[in-house]
Amino acid sequence: SSNQIVRLYSRFTRLDKNNRGVLTREDFLRIPELAINPLGDRIVHSFFLESQCETVNFKQFMSVLARFRPTKSKEIKNKLNTREEKLKFAFRMYDLDCDQKISRDELLAVLHMMVGDNISEEQLNSIADRTIAEADEDGDRMISFEEFKKVMERVDVEQKMSIRFLN
Amino acid sequence: MRVSATWHLSCVLLIVLHFHVSEQSTTAAITERSNEIPTPNPSTSNATNRTSTKKPIDNNDTELGTSIDSLHNNHTNFSSTTTKKPDTGHHSSTFELVKVHWEQVKSPLVFTIVVIVASLSKIAFHYSHFLSSKVPESCVLIVIGIIFGVILRFSNTSDKITLYTPHEFFLYLIPPIILESAFSLYDRTFVDNIGGVLLFAVWGTILNCFLIGLTLWGLFRAGAMEDIDFTFVQVLVFSALIVAVDPVAVLAVFQEVGVNNTLYFLVFGESLLNDGVTVVMYNVMQVFNGFETVTVGHCFLGVAKFCIVCVVATLIGIVCGLIASFLTKFTNSVKVVEPMIVFGFAYVSYLLSEMFQFSGIVSIIACGLVLVHYSFHNVTRKSKLAIKFISKVMANACEIIIFMFIGLVTVDQTHDWKTGFILWTTFLCIVYRFLVTYFLSYLVNRYASSRVRKISYMEMFMISYGGLRGAICFSLAALIDETAIPAKNLFVTTTLFVIFFTVFVQGGTIKWLTKKLRITLAETSKEMCINEELSNHMFDHMCAAIEEIVGYTTGQHHIKEKIYRIDDTIIRPRMLRNATSTGLDDISTYYEKLVMKEHYKNLQLSGAKLPRVKTEIRHLDSELALDQMVQDSSERGSTEDIREIDERREQAMQEEHRRHGGNHFEFFSSTRNSNRKRLYLD
Chain H
1 SSNQIVRLYS RFTRLDKNNR GVLTREDFLR IPELAINPLG DRIVHSFFLE
51 SQCETVNFKQ FMSVLARFRP TKSKEIKNKL NTREEKLKFA FRMYDLDCDQ
101 KISRDELLAV LHMMVGDNIS EEQLNSIADR TIAEADEDGD RMISFEEFKK
151 VMERVDVEQK MSIRFLN
Chain V
1 MRVSATWHLS CVLLIVLHFH VSEQSTTAAI TERSNEIPTP NPSTSNATNR
51 TSTKKPIDNN DTELGTSIDS LHNNHTNFSS TTTKKPDTGH HSSTFELVKV
101 HWEQVKSPLV FTIVVIVASL SKIAFHYSHF LSSKVPESCV LIVIGIIFGV
151 ILRFSNTSDK ITLYTPHEFF LYLIPPIILE SAFSLYDRTF VDNIGGVLLF
201 AVWGTILNCF LIGLTLWGLF RAGAMEDIDF TFVQVLVFSA LIVAVDPVAV
251 LAVFQEVGVN NTLYFLVFGE SLLNDGVTVV MYNVMQVFNG FETVTVGHCF
301 LGVAKFCIVC VVATLIGIVC GLIASFLTKF TNSVKVVEPM IVFGFAYVSY
351 LLSEMFQFSG IVSIIACGLV LVHYSFHNVT RKSKLAIKFI SKVMANACEI
401 IIFMFIGLVT VDQTHDWKTG FILWTTFLCI VYRFLVTYFL SYLVNRYASS
451 RVRKISYMEM FMISYGGLRG AICFSLAALI DETAIPAKNL FVTTTLFVIF
501 FTVFVQGGTI KWLTKKLRIT LAETSKEMCI NEELSNHMFD HMCAAIEEIV
551 GYTTGQHHIK EKIYRIDDTI IRPRMLRNAT STGLDDISTY YEKLVMKEHY
601 KNLQLSGAKL PRVKTEIRHL DSELALDQMV QDSSERGSTE DIREIDERRE
651 QAMQEEHRRH GGNHFEFFSS TRNSNRKRLY LD
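Heads up: the protein sequence lines correspond to chains H and V, in order.
Under UniProt numbering, the first residue of the first sequence is numbered 1, with each subsequent residue one higher.
Under UniProt numbering, the first residue of the second sequence is numbered 1, with each subsequent residue one higher.
Don't read these hints as lab results, they were simulated from the structure.
Built from N, CA and C at the ideal position, the CB exists for glycine as well.
Keep in mind that a hint or two might mislead.
[What the hints assert, rightly or not] Using 27 Å as the maximum straight-line C-alpha spacing, the simulated BS3-like pairs for lysine-lysine come out as follows:
(1) K88/H x K560/V
(2) K511/V x K122/V
(3) K392/V x K593/V
(4) K150/H x K392/V
[What the hints assert, rightly or not] Chain V is nowhere near these chain H residues, computed Cβ spacing over 10 Å in every case:
(5) V6
(6) F48
(7) R83
(8) L96
(9) K101
(10) D105
(11) E106
(12) E146
[Said to hold, decoys possible] Selected chain V positions facing chain H (in silico; Cβ < 8 Å):
(13) V105
(14) P486
(15) N489
(16) V492
(17) S535
(18) M538
(19) M542
(20) Y591
The following block holds chain H by itself, in its conformation from the complex (with noise of 0.2 Å):
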């Protein structure tokens, strides 16, 4: 609705402290929760996927934030709300090289940042190994994105990854 579009865009205006018109990293990385946050960077590595450049502006914002929102089973027409893309984005997360396959080691890194460091590197090999295992249907060792929709097809993403306000 145009009430939150305005609202996000002061938001967005009072991200951009030079007041350029584009978000840059810094300007994400400003933000002090995000900093504390283990999947941090990487959010912000995904809002510059969209723009290909090292500036974000704010259609790109939008369209980044427009997977969040809450579905409703009676409007497809948005097309960058639906499952398929929020799945998406989740496996974005997860892939930092961008092959569209999640490896050994990009496991790793992401379960490194999420647990911290109580666990010895035996158990969070084990952890990664397992995890890929459970995924792994053609047997090569990474997850492809096929993949993972199939191990997520019993989680309610689309509830799991909406916030309310966006709606």
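We have chain H; now place chain V onto it with these hints.
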């Protein structure tokens, strides 16, 4: 002359004895539950001893409690003086080899027999598949209670057994049940859905209460019932207590059928919090009943009192839980003390709240949740198991006793049967529960649909149909002061009827209905999947980050993240003994459980006779399985064909290998060592 002298002597003796004994009984009645008075009379001290072996606290006793107790004391006094007189007056001249001291053990013995019979009936119930598929357990218990009551009534000993004192009920029987429920309430699904649960519990109860009260009063005024002597406020007292839902049967059905988690916790949480709310409302209404006229100011005060009660009760619970957790930080070397601290503090929080007339139920729930969150990490594995199991046993025992008493009192009670009132009440209870549930569910679905999962129509039906009344409303009814509310007997009778109706009719048909309506069940093959857990966490972080970017600082993810962070950095290090140890993290604990379970499956198929480990994470407890394995392997003999075992083993091994290619054993050896170090700290 001589005759008259001995006669005078014995008269004087009698009188002295009687005074002495009656003086004792009155003092016993006044300082009822304090054990400082050494009562040499064993049968009168029987009743007080039984209650004083538990924690003796001077409470505001109700008139009813003291009058019944003193009546009982006097009565047993009389019977005992007749039996005791020959003992104290003259020494018995015969030396009896075997003497039956019935009076000394009467009360505890009867109670224990009752509990044993109830346990036996539970066993029989579970063995008879016919009964257990049709009828919930509570029905059977009530029926047995009625049978007992009839037996006692016809053997004319009913006035000698301690009558049901609702005050004791609230002091002793309710806390274990609530504590055990609080322990099992601690779950991620509950926290996620807490908005919906609170909505149902608080607003649902209030709406129900007022609607029922107003309608009853309106019907009474309109002349649809017989002539009853009550006022509007008294009707409100009644409707406050009749709303207390006790979905034991529903939850049992849900567990058996395996409905999805959200629904289960919604119903469970609602019933628990609803009990607390009911008690508060009941108290407030009773206070109003004492006033001549109730002004608007009073109403506001009532609302304020309600809020204060709930908030302060929660605070008391949290504080007690925190203190207990802090103490368990140091009990590593004295493991026996740990259950004592845990239970002691939980009970203390209950009693403290009751002392100020706050809601003890709410504070014990809060205390239990805090305890699970912190102290369960501190206590050793054995203590944790012990605590969980003891609380389960106590809760079950108390439930049995309560239902038995319902049956007992049905036979004993002086009933006041007014058909119109009773039927209207039952009808309204059911109808309003349906209406309010549907209405609230509609609100939840409409306005909070991304916070709480949508509730389907079938689920709404189950929630409303599962609104059985139980023990709490009965005791609240029995607790009513007869002088303040003259219609008490009518209320008690009505409550009993409603309980019977809901338990037997609704409870009886609920299983059949579940099958008919095909409620969405939990996934049948609930395989533990590490991917899901991992992705759940990831989504949490992701959404929190997005919310932060957007500036939506009151988003639920954001708040949760903040709370977790405060928890991790500030509270946990203070509370937990080794806050940085392995295994605190969700992902790793989940993984360990997963691997342990598979390891047991492996072992089982390779020949060792292991118990089947349940697939639900909630129940998985590897230590327990380990102990049981040691036990069982010595008991069972292997009766199966070796060939069959080999075949199965081959199949399972192949499947396991496919699934995690060999790393399994490496991981297991490393975690086994770390587990051993962590678990066996003695």
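*Holds or violated: is the Cβ of V105/V closer than 8 Å to a Cβ in chain H?*
Because about 55 Å separates V105/V from the closest Cβ in chain H, which is outside the 8 Å limit, the hint is violated.
_Using the nearest Cβ pair, does S535/V come within less than 8 Å of chain H?_
holds (6 Å)
_27 Å Cα cutoff - pair K150/H, K392/V_ = Given pair K150/H, K392/V is violated - Cα atoms ~40 Å apart, limit 27 Å.
*Verdict on L96/H as a residue remote from chain V, using beta-carbon distances over 10 Å*: Holds: least Cβ distance 14 Å, greater than 10 Å.
*Beyond 10 Å from every chain V Cβ: check whether that's true for F48/H.*
The claim stands: F48/H keeps its Cβ more than 10 Å from every Cβ of chain V (closest is about 13 Å).
*asked:* Is the interface hint satisfied for M542/V? The criterion is a beta-carbon contact with chain H at less than 8 Å.
replied: This hint holds: M542/V lies near chain H, its Cβ roughly 6 Å from the closest one there, short of 8 Å.
*Holds or violated: K511/V to K122/V, with C-alpha atoms at most 27 Å apart*: With a Cα-Cα distance of about 18 Å, the restraint between K511/V and K122/V holds, given a limit of 27 Å.
*Are Y591/V and chain H close enough, Cβ to Cβ, to be under 8 Å, as the hint says?*
Since the shortest Cβ distance to chain H is 5 Å, the answer is holds.
*Test the statement that R83/H is away from the interface with chain V: the closest C-beta pair must be farther apart than 10 Å.*
For R83/H, whose nearest Cβ neighbour in chain V is about 13 Å away, the distance exceeds 10 Å, so it holds.
_Hint N489/V vs chain H: min CB-CB distance below 8 Å?_
With a minimum Cβ separation of about 51 Å from chain H (threshold 8 Å), the hint on N489/V is violated.
*Proposed interface contact between P486/V and chain H, which counts if any beta carbon pair is under 8 Å*: violated (52 Å)
*For E146/H, which was marked as not at the interface, is the minimum beta-carbon distance to chain V over 10 Å?*
holds (14 Å)
Hint check: violations occur at hints 4, 13, 14, 15 and 16; the rest are consistent with the structure.
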